[in-house]
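Residue numbers (numbering that gives the first Met the number 0), protein chains in the order written: chain Y, 0 to 292; chain H, 0 to 251.
Hints are not guaranteed to be accurate.
[Claimed, not checked] Rough simulated footprint, nothing fancy, chain Y against chain H, three-plus residues with beta-carbon under 8 angstroms:
{"no.": "1", "segment": "12-18"}
{"no.": "2", "segment": "110-120"}
{"no.": "3", "segment": "151-164"}
{"no.": "4", "segment": "197-209"}
{"no.": "5", "segment": "232-238"}
[As the list claims (entries may be wrong)] Quick list of simulated restraints, FRET-style, between CB atoms:
{"no.": "6", "chain 1": "Y", "residue 1": "Asp220", "chain 2": "H", "residue 2": "Arg234", "range": "53 to 63 angstroms"}
{"no.": "7", "chain 1": "H", "residue 1": "Lys242", "chain 2": "Y", "residue 2": "Ser212", "range": "46 to 56 angstroms"}
{"no.": "8", "chain 1": "Y", "residue 1": "Gln138", "chain 2": "H", "residue 2": "Glu244", "range": "54 to 64 angstroms"}
{"no.": "9", "chain 1": "Y", "residue 1": "Lys171", "chain 2": "H", "residue 2": "Glu244", "range": "50 to 60 angstroms"}
{"no.": "10", "chain 1": "Y", "residue 1": "Asp220", "chain 2": "H", "residue 2": "Pro164", "range": "25 to 35 angstroms"}
{"no.": "11", "chain 1": "H", "residue 1": "Asp177", "chain 2": "Y", "residue 2": "Thr98", "range": "21 to 31 angstroms"}
{"no.": "12", "chain 1": "H", "residue 1": "Lys178", "chain 2": "Y", "residue 2": "Gly217", "range": "26 to 36 angstroms"}
{"no.": "13", "chain 1": "H", "residue 1": "Ile235", "chain 2": "Y", "residue 2": "Asp82", "range": "50 to 60 angstroms"}
Please keep in mind that the hints were generated in silico from the structure rather than gathered at the bench. Here the structure is a predicted model, which means the values were calculated and not measured. Virtual Cβ for every residue (Gly too), placed ideally from N, Cα, C.
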Amino acid sequence: MIQVLLAGVYSTIQDLGRFGHRNIGVPVSGSMDQYSAFIANSLVGNSNHAAVLEMTFNGPFLKFNKNATIAIVGSPIKIKLNDNLLAQNSVITINKGDTMSLGTISHGVRSYLAIAGGFNTEVAINSRSYYPGITHKSQLKKGDIIHFNCHKQTEILNRSSVHLDEQHFSNKTLQVYPAPEFHTLSTEIKAKILRKKLIVSSSSNRMAYKFESPITIGPGDSINEIITSSVQPGTVQLTPSGEIIVLMRDCQTTGGYARIFQLTEQSINQLSQKTTASELKFSLVNSHKTNNI
Amino acid sequence: MNFMSYSDMSQIQILAFGPKAIVINWPAIISKDINAHINKVNQCIHQQFEDLIIESVCTYSSITIYFNITIEPIVINEINEHLKNEKINLPDESKHINWNIPVCYDASFGLDIEGVAKVHSLSVNEVIKLHTEPLYYVYFLGFLPGFPYLGELNEKLYTPRLKTPRLHTPKGSVAIGDKQTGIYPSNSPGGWNIIGRSPINIFNQLESQPALFSQGDSLKFHAIDLKSYESLLKRIDKGDFSKEELMIQVKE
């Protein structure tokens, strides 16, 4: 087990998410950047279903009361095992009694700690992903004990490491498909949105990413709300006042704003690593499959 | 609402919602008939395409289907054909329950009940009377886990949302937002006018069926005083309470 000596700003346990209960209003949740979580799990020989620790802005200070094998992948984070600085994106062997201090995350927002065997925290409605009111815990707290599953050491290639796709962190384009209300927008508004420089607002979180300065809506143009309908992680909403909102993993299951785009999975992962004031643009995926239905 | 107008499948529209989801839209109308109909259609689609579907979400007048595969146009065509040809007149197989939900409208819980009364030039007792009269229909669940979207609020109680949403609306709060009323399943920020509180848990993640209500259920609120609220809450906390006590009727 792991003892949480300090929790970090916002650390949660996440897996692939909670499916099958959106019809009763239960959000999907799951790792914000599933690409990084996947690489972390792969490094320690886990399936991608294994639960990982998602760290936001900075990491916790942990004490391991059992031998373990871990990997940390995502935006750059300072890792100190006892007194030694270590590199991320590689397998780290931990001995019983070791302490690990995870510092500030730079050039991004989130980093993932995977542990061989996977975290063995509470399963609530088919998932270990923390969500207030579904799991008992909604974020790591000082003094928490986190259990993890045993594993066979031999399955892991010691000292293995990976190079991540640099594009994943540097890409400034969000690839989008048209969503149900896209066709209801005027040509002018469509063009404005596709030209718009999106500046990530500081009020972005696991539920949604927001952007500075709404698009201006010309006289004679309007954006209507819709009769409440389904939304999903990656849905781009446009409010009547021209605000653009990208729903993320913890979003509600239904909403009343026009759904104009749907991000690709890759773009959801990439957006989740964007810091406040990052500049982005939308780009329509050129696909006959989605345009001509 | 004329039966033909919503069972006529030429009225529906199928739209892509990303590579792995589609939305099927009926005319954007809030109607029990349309809502009951789309839930039957949803059952049919699940029966036919079971292997391809992760889950689906029905709202007032739309179905969103989340697939486990990328949707090729051929699948959309198949669904379209299926919907056109299927006689959607199978009996509704789900059980619908009529619930009787106790609410304490005491001002210590109903922080906005006096404000609501004032807006409509009503007395607090008249607000309670108007709120407890209708049999509300559950269109779907959303917003928060277990939160029911209810129809049939009396027009006299339509009240604009708060100008500044509260950061904390307590679990169990019964509230009015514009033309809707509902119960908060958990503590949450909220912009609705709080008029009372129910001691009943309407969402419990530990149960096999976590949400108390299902689409198609109906519910009535009845007023209880502060003393009854507290004794009921004690029983619920001790586990000495069964949800069967809240069922007026089960419609097979």
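Against the structure, the hints:
1. 12-18: With 6 residues close enough to chain Y, the hint holds.
2. 110-120: Coverage by chain Y is violated for the segment 110-120 of chain H (0 residues, Cβ < 8 angstroms).
3. 151-164: n = 0 at 8 angstroms, threshold three: violated.
4. 197-209: holds (count 4)
5. 232-238: Coverage by chain Y is violated for the segment 232-238 of chain H (0 residues, Cβ < 8 angstroms).
6. Y:Asp220 to H:Arg234: 53 to 63 angstroms: Holds, since Y:Asp220 and H:Arg234 (Cβ atoms, about 57 angstroms apart) stay within the stated range.
7. H:Lys242 to Y:Ser212: 46 to 56 angstroms: At roughly 49 angstroms between Cβ atoms, Y:Ser212 and H:Lys242 fall inside 46 to 56 angstroms, so the hint holds.
8. Y:Gln138 to H:Glu244: 54 to 64 angstroms: violated (36 angstroms)
9. Y:Lys171 to H:Glu244: 50 to 60 angstroms: holds (58 angstroms)
10. Y:Asp220 to H:Pro164: 25 to 35 angstroms: Holds - the Cβ-Cβ distance for Y:Asp220 and H:Pro164, about 28 angstroms, lies within 25 to 35 angstroms.
11. H:Asp177 to Y:Thr98: 21 to 31 angstroms: Given about 53 angstroms between the Cβ atoms, the range is violated.
12. H:Lys178 to Y:Gly217: 26 to 36 angstroms: Cβ of H:Lys178 to Cβ of Y:Gly217: about 30 angstroms, so the range 26 to 36 angstroms holds.
13. H:Ile235 to Y:Asp82: 50 to 60 angstroms: With a Cβ separation near 52 angstroms, H:Ile235 and Y:Asp82 satisfy 50 to 60 angstroms, so the hint holds.
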